[in-house]
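As a plain string of letters, each chain reads:
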Amino acid sequence: MNKLYYHPHSSAAASFIAAVAAGVHIEVEQIDFATKKTTSGADFFAINPKGNVPALVLNDGTVLNEGSAVLQYIADQVKLIRCRILCPLPQLT
Amino acid sequence: MTFQAPGTVAPENGTTQRYILQNVLNYLASEVASTLNVLCSEAELVDKEALKVKFVFKFEYLEKNILHNHQYLVDDKFSVADAYLYILLRAVPYVGVDLSAYPGLTAFSATVGALPAVVEAHAKMNADASST
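Protein sequences, first through last, are from chains F and H. When we follow our numbering, the leftmost residue of the first sequence carries the number 560, and every step to the right adds one. When we follow our numbering, the leftmost residue of the second sequence carries the number 770, and every step to the right adds one.
It is worth saying that the hints were derived from the structure and are not from the lab. Just to be clear, a hint being listed does not mean it is correct.
Each computed DSSO-like pair below joins lysine-lysine, with the alpha-carbon atoms no more than 30 Å apart [unchecked claim]:
1) H:K846 <-> H:K817
2) F:K562 <-> F:K596
3) F:K596 <-> H:K893
4) H:K821 <-> F:K609
5) H:K833 <-> F:K609
6) F:K609 <-> H:K893
7) H:K827 <-> H:K817
8) H:K833 <-> H:K821
9) F:K609 <-> F:K596
10) H:K833 <-> H:K846
11) F:K609 <-> F:K562
12) F:K609 <-> H:K817
13) H:K833 <-> H:K823
14) H:K827 <-> H:K846
15) F:K609 <-> F:K595
16) F:K562 <-> F:K595
17) H:K827 <-> F:K609
18) F:K562 <-> H:K893
19) H:K846 <-> F:K562
20) H:K833 <-> F:K595
21) H:K833 <-> H:K817
22) H:K846 <-> H:K823
23) F:K595 <-> H:K893
Between beta-carbon pairs, the in silico distance windows are [as the list claims (entries may be wrong)]:
24) F:T598 <-> H:N838: 16 to 26 Å
25) H:T875 <-> F:E586: 13 to 23 Å
26) H:D845 <-> F:G600: 16 to 26 Å
Just so you have them, the derived chain H footprint on chain F, three or more residues with Cβ under 8 Å [to be verified]:
27) 585–596
28) 600–608
29) 611–624
In this text, a Cβ means the ideal position worked out from N, Cα and C, and glycines have one as well.
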């Protein structure tokens, strides 16, 4: 599952809002600005060398760490969900 | 997989409205957020009062040119850009700028803040949720 690192008092809160508004289910974890550790104690710089939030780690390991990209990626997961449900299955010949 | 009823929060890729969204996101990041970050910082190298004058010019632009007669920033529909501006506006009082001089932005903040998804998101963030 895609994972969003954020802090509720940062601009990354917008990415959290986007996921809820879009109905996109992602794992989330807060970071501590002072220690730059995640809630579970991991070194955040090891996850995102820029140390900023939002940081969205995709299933393939790609890290998106600019808000504009994270927001649009989250928005675009909605169409994928819809397509999985509504698109016809491929014909097997 | 788990999912809730999906909502559209950005125009379709490849459409003009999507480019408009990217236009607005870039502006919010490079002009509004960046200035806010400098005003929030403890750096003394910057004349913060002079910077505040430039900062509020951006509010005038947003109010008169983007939000004028529109409830949301892009295509008259809630998008991720609205979530971004809404969050940035929450930080503005902390840098000593009074948003009451901008009724359009004030109304925008109230509108977005009252959206069920935004209320739900705040509640989940406060509860330190592990997922959305």
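Going down the list of hints, with the structure as the test:
1. H:K846 <-> H:K817: violated (35 Å)
2. F:K562 <-> F:K596: Distance ~15 Å between F:K562 and F:K596 Cα, so the pair holds.
3. F:K596 <-> H:K893: holds (20 Å)
4. H:K821 <-> F:K609: holds (27 Å)
5. H:K833 <-> F:K609: violated (35 Å)
6. F:K609 <-> H:K893: Distance of about 26 Å is within 30 Å: holds.
7. H:K827 <-> H:K817: Given that 30 Å is the threshold and the Cα spacing comes to 15 Å, the pair holds.
8. H:K833 <-> H:K821: Measuring from Cα to Cα gives roughly 18 Å; hence the hint holds.
9. F:K609 <-> F:K596: holds (13 Å)
10. H:K833 <-> H:K846: Holds: H:K833 and H:K846 sit about 18 Å apart, inside 30 Å.
11. F:K609 <-> F:K562: holds (17 Å)
12. F:K609 <-> H:K817: holds (26 Å)
13. H:K833 <-> H:K823: holds (16 Å)
14. H:K827 <-> H:K846: holds (22 Å)
15. F:K609 <-> F:K595: holds (11 Å)
16. F:K562 <-> F:K595: holds (17 Å)
17. H:K827 <-> F:K609: holds (27 Å)
18. F:K562 <-> H:K893: holds (15 Å)
19. H:K846 <-> F:K562: holds (26 Å)
20. H:K833 <-> F:K595: violated (39 Å)
21. H:K833 <-> H:K817: holds (24 Å)
22. H:K846 <-> H:K823: Between H:K846 and H:K823 the Cα gap is close to 28 Å, so the pair holds against 30 Å.
23. F:K595 <-> H:K893: It holds: about 22 Å lies between the C-alpha atoms, which stays within 30 Å.
24. F:T598 <-> H:N838: 16 to 26 Å: 43 Å Cβ-Cβ, so the 16 to 26 Å window is violated.
25. H:T875 <-> F:E586: 13 to 23 Å: violated (35 Å)
26. H:D845 <-> F:G600: 16 to 26 Å: violated (45 Å)
27. 585–596: holds (count 5)
28. 600–608: violated (count 0)
29. 611–624: Per the Cβ count (0), the hint is violated.
The structure shown violates the earlier hints numbered 1, 5, 20, 24, 25, 26, 28 and 29.
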